[in-house]
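2 protein chains.
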Amino acid sequence: MKALHKMKIVDVTQVMAGPYCTMVLGDLGAEVIKVEKYPKGDDTRDMGPYVNGESYCYMMINRNKKGIRLNLKKEQGKEILLKLVETADVFVENFRPGVTKKLGIDYDTLRKINPGLIYCSISGYGQTGPYSHKGGFDIMAQGMSGIMSMTGEKDGGPCKVGIAIHDIAASMTAVYNILAAYIHKLETGQGQYIDVSLVESGLAWTIWEAAAYFGAGEVPQRTGTRHRVSAPYQGIKTKDGYVLVGAANQRTWENFCKLVVNKPEWIEDPRFVTNQDRQKHVDELEKLIEEIFVNETTEYWVTKMEQAGVPGGPILTYDQTLNNEHILSRNMVEEVEHPVAGTIKMLGIPAKLSGTPGTIHRPAPTLGQHTEEVLKELNFSGEEIARLKKDEVI
Amino acid sequence: MKALHKMKIVDVTQVMAGPYCTMVLGDLGAEVIKVEKYPKGDDTRDMGPYVNGESYCYMMINRNKKGIRLNLKKEQGKEILLKLVETADVFVENFRPGVTKKLGIDYDTLRKINPGLIYCSISGYGQTGPYSHKGGFDIMAQGMSGIMSMTGEKDGGPCKVGIAIHDIAASMTAVYNILAAYIHKLETGQGQYIDVSLVESGLAWTIWEAAAYFGAGEVPQRTGTRHRVSAPYQGIKTKDGYVLVGAANQRTWENFCKLVVNKPEWIEDPRFVTNQDRQKHVDELEKLIEEIFVNETTEYWVTKMEQAGVPGGPILTYDQTLNNEHILSRNMVEEVEHPVAGTIKMLGIPAKLSGTPGTIHRPAPTLGQHTEEVLKELNFSGEEIARLKKDEVI
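Taken in order, these protein sequences are the chains called U and E. Residue numbers for the first sequence follow my numbering, beginning at 220 and rising by one. Residue numbers for the second sequence follow my numbering, beginning at 220 and rising by one.
Treat the hints loosely; a few may be bogus.
One copy or two, it doesn't matter: identical chains are merged, so the pair holds either way.
Derived pair list, reagent style SDA-like, types lysine to any residue, alpha-carbon separation capped at 25 Å [as the list claims (entries may be wrong)]:
#1 LYS595 to THR536
#2 LYS225 to THR407
#3 LYS523 to HIS352
#4 LYS477 to VAL555
#5 LYS225 to GLU591
#6 LYS609 to ALA527
No lab work stands behind these hints: they were computed from the structure.
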C-alpha cells in the first residue's frame with residue numbers, strides 16, 4: 220500500500236517547481252493527472268537531451284503521473300478541467316500571479332465546485348507584495364535571497380548554486396504544506412489556499428546566516444569551500460581532484476598533523492595553535508597542506524583521514540557520484556521502461572520507508588498519452604472525444 | 220486550528236538536519252518535545268552569536284518546541300524517554316548509525332512499546348551500504364553528491380553552496396516522509412521506520428543534471444553565475460554590486476540590445492546572432508555588457524530591464540535581502556519574545572496557508588525549561604523529580 224493512495228491531484232504546472240512537487244507526491248502513491256497546454260505541452264519537452272524524440276529532462280521529473288493535453292483557452296477545455304477538479308483533493312499551478320483568474324481557474328472559482336480542494340499556487344515572489352507581478356526564475360530567486368552573494372570564491376564574484384535550488388525549495392515547501400493541508404482535510408473535510416514562492420522557500424533555509432545577521436549584524440560572505448569559522452575545514456587539491464578536510468576541533472587537528480600529513484611540528488607552530496590562529500592563517504595553512512596533498516590521489520587521502528579519525532571525503536565530479544558504490548548500493552539510480560524511449564535511468568527515491576516505500580511505478584507520459592482514458596472516466600463518448608480533437612481542445 | 224495539532228513528536232536530534240525538520244512540524248502545530256543530552260544540551264548551544272548568554276543559532280532553529288534535559292546514558296533517563304514514546308506519533312533521531320542501538324532506543328525497541336510509532340533516522344550516508352558507518356556533515360555530503368563540483372567559477376575550484384544545503388535537504392525529506400507516514404497511520408494505525416540520509420536527499424534534487432548525464436553522458440561543470448546553455452543569462456557587475464540579466468530567448472535579447480543597453484547593432488553582430496552564437500562568445504559578450512553596466516547602479520539596471528520586459532533582478536547581499544521591502548511585506552522577518560534573550564528577530568514562515576497557517580507561537584526553550592512540566596504530565600512527583608536531579612538524570 221502507498222501512503223497517499225487516496226490522494227488525487229490535478230496538476231497544471233510545468234518546467235520544475237510544480238512538476239517536482241507532484242512527482243514527489245506521485246512517488247508516494249498519489250494519483251497525479253498532469254494537464255499540459257495545447258498544442259505543445261510542458262515547455263520542458265523542448266529541453267534536451269532527447270531519446271527517440273522524448274526529452275530526458277521531461278521524463279526525469281514527470282514519472283508517476285498520467286498526462287492529458289487540454290486547451291484551457293477554449294471553453295470546452297476549461298469545462299473538462301473543472302470536471303476533473305470536482306473529485307480532486309489537490310490542485311497545483313505555477314502560472315504568474317493573475318493568470319489563473321484570466322483563465323477562470325483561480326481559487327475562488329474552483330472552491331465553489333469543490334470546497335474540500337487544496338489549491339496550491341507556486342510563483343517567483345508570491346501572490347502579494349510589491350514584487351508579486353514580476354516573473355521570477357530560479358536564478359533571480361538565488362539573487363534575491365542572498366544565497367548567490369554568499370556562494371563563490373572569497374575574492375571572486377557571486378556564483379549560482381550548481382542546481383536550481385530555489386525551484387526545488389519551492390517544490391519542497393509546496394509538498395509538505397500540501398500534506399499538512401491534506402491532514403487537516405482528512406480531519407475536517409475543509410480545503411484551503413496555499414501560496415508558495417521561490418524566493419521565500421529558499422530564504423527560509425538560511426538559518427545560520429540569519430542568526431549571524433540578526434544576532435551580530437554580520438553579513439555572511441563568500442568563502443569558497445571554507446567553513447566560516449573553523450580551519451582546516453575545506454577542499455584541498457590532490458593529484459587527481461579535490462578532497463575535503465574536516466578537522467574542526469583540536470583533537471582532529473592534532474590527529475591530522477601527526478597521522479595524515481606527518482607534520483607533528485605544525486601543532487606547536489604559533490600560526491596554528493588554536494582554531495582561531497588557524498582561521499587567521501588559513502591561506503598559508505591551505506597552501507602547506509596542498510603542497511603535500513597534490514602528491515597523492517583523492518582516494519589515498521580519504522583513506523588516510525578515515526584511518527586517522529579525521530572527518531573527510533572526496534569532492535566527486537557528477538559522473539563519479541552516479542557511479543559510486545555507496546550511491547548505487549542505496550538504489551539512487553533506478554531504471555524505468557518508457558514506451559518510446561525504452562529503458563531509461565533515473566534518480567531513485569531518497570528516503571527509505573519500511574511500511575509504505577516510495578517507488579517508480581510509471582514512466583512519464585508521452586504528450587496526451589492518457590487524454591482519452593481520463594475523458595472516458597469522465598463519461599465522454601468516443602464521438603465526443605473525436606469532436607474535441609477536431610476542435611483543438613485536446 | 221493548526222494542521223498538525225494532534226501530532227506529538229519526541230525529538231532527540233541536535234544541530235541542524237533534525238532540529239530544522241521538527242521546527243517545520245512545530246510551525247504547523249505539532250507538539251514537539253525536544254530531548255537534550257545531559258549536561259550541556261544541544262551542541263548548537265555552543266554556537267554564537269549570543270544574546271544574554273543564549274545562542275542565536277539555537278533560538279532560530281528550535282522555536283515552537285518544548286525542551287527537556289535527559290541523561291540517556293542512565294537507566295532512569297532511558298525509562299523516562301520510553302514513557303514519552305508510549306504516547307508519541309513520531310520519534311526523530313540524528314545519531315551516527317548504531318548509536319541508538321547502544322543506547323537502547325533503536326526502532327526495534329521502541330516499536331514494541333508503541334507499534335504506531337513513526338521512527339525517523341537522519342544520518343550522513345543512511346543506515347545501509349558501504350559508507351553507512353562514516354560520520355557525514357553537510358560539507359562532505361556536498362562533496363559526495365557532485366553539487367560542490369558543479370558550483371563555482373568556470374576556471375576556479377569547486378565551491379560549497381553558501382548555506383548548509385544537504386542538512387536542509389535531509390530536513391525537508393524527513394518532513395514530507397513523516398507526514399506521508401502519518402497519513403498512513405491515520406488510515407491504518409500502523410507506524411514505520413524512515414531512513415533519511417544527507418547525501419541522497421540533496422542528490423535527489425539534481426534533476427536537470429541527471430538528465431544531462433543519463434541522457435547525453437554530459438558531466439555538468441561549474442559556470443559561475445552563467446546558465447549552462449543560454450546567454451546572456453548571468454550576473455553582471457554594476458556600479459554598486461551585481462545584477463542578473465535573464466535574456467534567455469531572441470525576443471528578450473533584442474529588447475535588451477535596443478531598450479536596455481542602447482546597442483541595436485549587437486543584434487546583427489555575427490558573434491551574437493543566435494543563442495548558440497552568444498553562448499559561444501559569452502566571455503566577450505559579458506565584457507561588453509559589463510563596460511556599460513558598471514556606470515550605473517544595480518537598481519538602475521533592474522528598473523531599466525523591467526521597463527524593457529527583460530527578466531532580471533539584483534544579486535542582493537544578505538543584509539539587503541533581510542531589509543528588502545518585498546521580503547518584509549511577506550512577513551519573512553518576525554519577532555518573538557524569549558524569556559532570557561528578550562525580543563529577537565527570526566525568519567518567518569515561507570508558505571502562506573489560508574486555513575491552517577503556520578505560526579511562531581513559542582520561543583526556543585532554555586536548557587531544560589520544560590523538564591519538570593513534562594515529568595509532571597508523566598505523573599512524576601516533586602520528590603521524584605528532585606531525586607532525578609540529584610542523580611544527574613535531568
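- Okay, which hints does this one fail, numbers in order? 1, 4 and 6
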